[in-house]
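Reassemble the complex: the two chains are provided individually, in unrelated frames, and hints are given to aid placement.
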Amino acid sequence: MERVIVCVKPVPDPKVWDRLRMDPVTKTLIREGIPSVINPLDRHALEAALAIKDVSGAEVVLLSMAPRDARPVLREALAMGADRAVLLSDKAFAGSDTLATALILTEAIRRIGPFDLICCGNYTLDGSTAQVPSQIAEFLGIPNIMHVAHMELEQDKRMVVTQKIEQGYVKLAAEPPLLLSFTKKANKPRFLSFLEILAAEKREISTWTNTDLNLDESRIGLGGSPTKMADMLLREKGRQGLRLEGSPEEIAHQLANKIRQLGFI
Amino acid sequence: MDFKLGEREELLRKSTREFAESEITPRIEAMEKTGEFPMDLLKPMAKLGITGLIAPPEYEGLGLGYLARTIVLEELSRVCAAIPMGMQVHHMAIAALNDFGTEAQKKKYIPPLSRGETMGCVAVTEPSGGSDVLGMQSSAELKGDKYILNGRKCWITNSHTSDYWIVIARTGEGPKGLSAFIVDKDAPGAKPGREEHKFGLRGANTGELVMDNCEIPKDNLLGQEGGGLGVALKTVSESGRTGMAAVALGILQACYEEAAKYASERVLYGKPIAALQAISFYVAEIYTQLDICRLLCYRASWMKDQNMRFDTESAIAKSYTCEAAAQCAKKAIEIYGANGITLEYKVQRLLRDAMVTISAGGTGEIGKVVVGRAALAPFQKKG
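In the order they appear, the protein sequences are chains L and E. Using this note's numbering, read the first sequence as starting at 1 and increasing by one per residue. Using this note's numbering, read the second sequence as starting at 1 and increasing by one per residue.
Quick caveat, the hints were computed from the structure, so don't treat them as lab data. All of these numbers come straight from a predicted model, not from anything done at the bench. Don't take every hint at face value.
Claimed, not checked - Pairwise CB distance ranges (calculated):
#1 E:Gly337 <-> L:Leu172: 49 to 59 angstroms
#2 E:Thr34 <-> L:Pro72: 36 to 46 angstroms
#3 E:Glu36 <-> L:Glu249: 46 to 56 angstroms
Where a beta carbon is used, it is the ideal one built from N, C-alpha and C, also for glycine.
If we strip away everything but chain E, and leave its shape as in the complex, we get (with noise of 0.2 angstroms):
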């Protein structure tokens, strides 16, 4: 067993860094203030690796691993959450593509999604809810070499950023009647809808998708007719859960520094806050969700690019993480008193973000229930 990070794994934590700190954090201000993703940052970011990370080097990607991707997330996250909550929304796109795409899907869509002149996302939830997959009702209906789509998303992340949707609809009854599609932003019929005002996540763009007669090619078909939920679960699950478990990450790294920053520079009673045992004790609380956190997140996507099944185990970082980061949060913010509170500190945002992180990519129950029934199986009678 190794624990060790690469050389590789330490340079790109390294390079996201410096490029964070100097180009992202000038940009936070007017992200809280407008709600608005920066786009002009998506050909910086490009230029990086950012956009193309998981992408496979065929399809103009660096074919770089899950592991690698959760490190530059969470690194991208440590300066602000807002800008990885988007790209790991934009990855998830790029692997259902590279997942269930056809070739001429693949060559079409992933290369200009690596070199971030388009963006990606992904369509699942609906206003009938996120968790209950199958309660859909958003349908698509094959008429001659087009599909008819009619429906509406919500809660999606990059919905107005977007150039290519990843959606899910009804193509028939049952766990089998959901069919998963590409479907072009200027498709007609398919119109952003309400944008959400959220009070964490700000730079994140998060909204509706409408699709009223919207009419895409019968070659925009992702996979199988009627595998739609496969293709759905399997990215929510793999790319998802181990992105928004890398952002959680990256905020709990924030409250950490911040805490032990402050800690150790707030004087009272003559000393620095951090010589109180009770202030030691929450900084060291905060210290070991992140350790717990890290080793979490690392092991599911070490898992991803090992090949081997792990939605038990990205249920379990994700579920983990974003509950720890909003409490680690809650105890930064206690640290700093009164001043945890006031929109001058970093603190109170960490817990904002935290707080979206909970409910995106899959709730914590749900985490809860994938793990549940994995924690169950083994004693489980057949039959």
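Okay, chain L solo, but in the shape it has when bound (with noise of 0.2 angstroms):
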């Protein structure tokens, strides 16, 4: 393989989903104060990218989608192994649904060049809708696999991919190039060796705007978006004492009578 494309998303950190807030007027996140980490999964992508560089030199390219204040993100993955990252930020980008996103991830991995594999997380934490992805793959007409719990490179670049479905596991044959979306049961994403932090230091995060891109606006950010967000809510989390008196059979009658009041039986 030569070129291994792995998108990543900065998110909040889930350590501190606790200090979440909600702008009540705009209906988004407060992300002032919340450090952002790699999307979870997408770590398990670009693990599955750089075993791949192991074994066949491919050059790594990281693209992401997000603020220009995300490149230590971005570079804490080139310093897992990364050789290079394109960072798309540009204020038309900003609010763009899923469908945007795709699109403009598409045209920013036209730009990259030839590549045999995109990786993905399977979806990320804060969004969770997990479609980018298999937007992607529709947008460049290749195959998409998702829910990848297993992958194994084979001569002439064949790939076998183990999918999760509900009721167990597929065994997939693929030829490149095709888009993968992977599970944490993927593989162990590596620690960041030290000597990786810092040859990473050197390596190159271009940022690219849509003057790079050259996309018509009415497709792109919030304005070109056609999911329009009705509302959004925060779950409020608390704890409710109930204390329940009587014989211990009495107790146990009430207890289960609350457990089926409250629907989880």
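What follows is the structure in structure tokens.
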């Protein structure tokens, strides 16, 4: 393989999700003071790409659509072992829904040039739609295998991919170019070695705007997105105490009724 | 002045934290039980870059500085202080070889230490005491093309896990009668002696080194004959004290996290105990000590990276941080109430580990002697 492109997205650090707040007017998350991390499943996608690089010497290119302050997140992904990164950052991209995002990413992939494989996380923690990978594959006219739980690279670029489905697993053979979206079962992402951290300092992060992609602005950004969000709610979390009294048998009945009443069974 | 860490340091911290949490945490219980350093961790630690952190790239190291080392040791210690205790002494051996070794010695010994294939230690302390360096009795005598070493070293970290020992022994009288040597553990007459059973830093190996007519090649003299005091003082003061301070700093960070977490979760009188001002003050005191110590430790390491003299600053960082770690561990235990004294919770380990750091690498009092000398110097009359 010669080139593997990995789509990565900075998302709010799940460790501090209890600090996340929503702007009641704009219905968007207030990200100020919330550190960003690489979307956890994207690390598995990157690990898969790096495993291919280890055996075939393929170039691993990171692709991310994010604000410019996402550079440290890309630097971290570079320190895992990727060769270079492309950051898509432009006000025109802001507010894009999954379709517009996929369109922007697809155009950037075309601009990066020929590739054998695109690796994505199965979904991102913030949006959780899991739509973008399939939309990119559709735009590019290449096969997409979702829910990848295992990947093997055979000779002549043939790949054997194990896909998790509801009833179990399906083993599929595929040939590049294709797009794979990975689950956390696929591999164990490597630690950032200190040597790679030093090497990543010299690796390039290019920033592309819509001037580079030249996409019709009516198809991107908030205005170009067909999805309109009706509302967004933060789930209220809290604890409620309930004291049950009576004999052990009565308490057991009360408890069972309560559980049924709450709809858990 | 800039107190902000760079992207590199932040990534080193993140990488070490992830490694420590995932690879070291599952090993703690066994370390606490057996008191043994998990040697199989050496390879993954080498792969990450911990073993060769400060070794120059020409000897297969990473050439990262002391600030980077402090951050890495701190992060390891946040999870388990015994591991960085072993590593910081391993670094001391590398530093001694790099500072005083001949080109041939550096080429022979540093690369395998960097690659984590071998482990090193520095042996100064003797049964007669560690603080009284000049009181040491181990001897080295040149006979033909060999030195014959006799004596016993004690309280040596990595004593039983090291392949190479940097040993200080007496070749003559007075301060200029000390010399440093590289002793291969397999040299005739060299053997580890008793292993200590400590109540803290359980997973760090500590014990005796015995040299009974131990024969080493003449070429294993490290530095000049008579230059051993310089080797000991520079190594202990620079890599030893900053390393020890970093271990204590990680313990302090753990004290803060454990204390703040428990205070926020434990409910009494219908509210988390953090709402009680007395408890919040305890957490505030731990947090303040952590901040003070972090600044002291980072400054000392940064000064080393700038090639500045920093023996006073490293002594302040070491004495203050180790003492603060023990005090804060005690406070954290008090926040836990009775739970704090059970082996089930981490805080008791923090106190046990912190106590061991106080006397290791130069006692708190020796640190104060160094600081006192520097503090009084501008006011003392000459002659």
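Comparing the hints with the structure gives:
{"no.": "1", "hint": "E:Gly337 <-> L:Leu172: 49 to 59 angstroms", "result": "holds, 57 angstroms"}
{"no.": "2", "hint": "E:Thr34 <-> L:Pro72: 36 to 46 angstroms", "result": "holds, 40 angstroms"}
{"no.": "3", "hint": "E:Glu36 <-> L:Glu249: 46 to 56 angstroms", "result": "holds, 53 angstroms"}
Figure legend: structure checked against the earlier numbered hints; every hint is met.
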